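Number of protein chains: 2
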Amino acid sequence: MSDIQLNHLAIVVEDLDAALRFWRDSLGLTGGSVQSLPAEAVDIAFLELGAARIELIKPASSDSGVAKYLAKRGPGLHHLCLEVPDLEAKLKALRDAGYELINDEPRERAGRRYAFVHPKSAGGVLLELYERIDKPR
Amino acid sequence: MSDIQLNHLAIVVEDLDAALRFWRDSLGLTGGSVQSLPAEAVDIAFLELGAARIELIKPASSDSGVAKYLAKRGPGLHHLCLEVPDLEAKLKALRDAGYELINDEPRERAGRRYAFVHPKSAGGVLLELYERIDKPR
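First to last, the protein sequences are chains A and B.
Heads up: the first sequence at position 42 corresponds to 42 in my numbering, and the numbers run straight through without jumps.
Heads up: the second sequence at position 43 corresponds to 43 in my numbering, and the numbers run straight through without jumps.
Simulated from the structure, these hints should not be mistaken for laboratory data.
One or more of the hints may lead you astray.
Just so you know, same-sequence chains aren't split out, so a pair can sit in one copy or run between any two.
[Stated by the list, open to error] Here are the computed lysine to any residue pairs in the SDA-like style, where the Cα-Cα straight-line distance is at most 20 Å:
#1 Lys90 - Gly50
#2 Lys90 - Ala18
#3 Lys72 - Pro119
#4 Lys90 - Asp104
#5 Lys72 - Asp43
#6 Lys72 - Thr30
#7 Lys92 - Leu20
#8 Lys90 - Asp25
#9 Lys90 - Gly31
#10 Lys120 - Gly98
#11 Lys68 - Gly124
No experiment lies behind these values; they were computed from the predicted model shown.
Between the sequences and the hints, there should be enough to build the whole structure, so can you do that?
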C-alpha cells in the first residue's frame, strides 16, 4: 500500500441543485453545502465519500476555465485530487521522468500546497496533487 | 457520513505500460498486475488507492464499447464505482426519482452484484453501483 490517498474527485455540473438531487437526495451521499469561490468563478459543493469527497463544481461565470471546459466537454468527471505526504518529491519524480506539470511550483492556500499535472502527461486525466501543510508531525 | 464508499475509479488508457509508468513507477501507487478480460475485450490493471482502487482499462479489440469510447472521447476518467450496502434499494430510489439505469436488473458476478446508472441521469458521469454479496453478515 502506498501512502497516497484520494482526497477528492471533481465533477463539473451545469446545475448544482439538480446534481444535489441526484447524488445526495436520491443516492444518499451526505454533505452538499454550497460555497461560492469568487476568485475562481465557481460554486462548489462537497459530498462525503468515506475518507474522500466528491466535489461538484458549477461555473459562476461564462468565461471561467471551468465554464470553457463545460462548453467543450459537457458535464462529467473533471479531475482527480490525490493527497501525498511529500509533494515536492512527487513533483520532482514526475519532472525527472519527463512529465509535464501545469504549475512547476506548488501553489499554497489555507494550510495546503498543491500542483496540477497536465492531462497529456497523465493519460487524459487532470490530476491535482495535494499536501497538507498544517498536518500534525 | 453515509454508508457509501468509493470502490474504484476507472481510467481509459491507450497504453497500459505507459499508464503504469506514470501512475505506479513515477507517482508511486502500488499494484498494477495486468489482467485480460476476454469477455469484455479489455485488459485492466488495478492500482491501490487507500481502501479504493484506480482501474486502468485498455481496449483489447477495436470494436468493444471501451474502444469506441476511447475513439470518441480520448483517454481519461471513464467511470466511478460506488459500493453500497443495499443495491436494490438504491436502484429503486433512483428509478422512483425518474433517473435512468443502463441495466434495471442488477448483474451478478463473482460475489458481487452491480448496475450502471446512465450518464445522462448522473450529470455526465457513468456511475456503477456495486454491492458485495459474499460479505460477512
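Each hint, compared with the structure:
no. : hint           : verdict
1   : Lys90 - Gly50  : between (25 Å within a copy, 17 Å between copies)
2   : Lys90 - Ala18  : between (37 Å within a copy, 18 Å between copies)
3   : Lys72 - Pro119 : both (15 Å within a copy, 17 Å between copies)
4   : Lys90 - Asp104 : within (11 Å within a copy, 43 Å between copies)
5   : Lys72 - Asp43  : within (19 Å within a copy, 29 Å between copies)
6   : Lys72 - Thr30  : neither (30 Å within a copy, 34 Å between copies)
7   : Lys92 - Leu20  : between (38 Å within a copy, 18 Å between copies)
8   : Lys90 - Asp25  : between (38 Å within a copy, 11 Å between copies)
9   : Lys90 - Gly31  : between (31 Å within a copy, 18 Å between copies)
10  : Lys120 - Gly98 : within (12 Å within a copy, 37 Å between copies)
11  : Lys68 - Gly124 : both (17 Å within a copy, 16 Å between copies)
Violated hint for the displayed structure: number 6, the only one.
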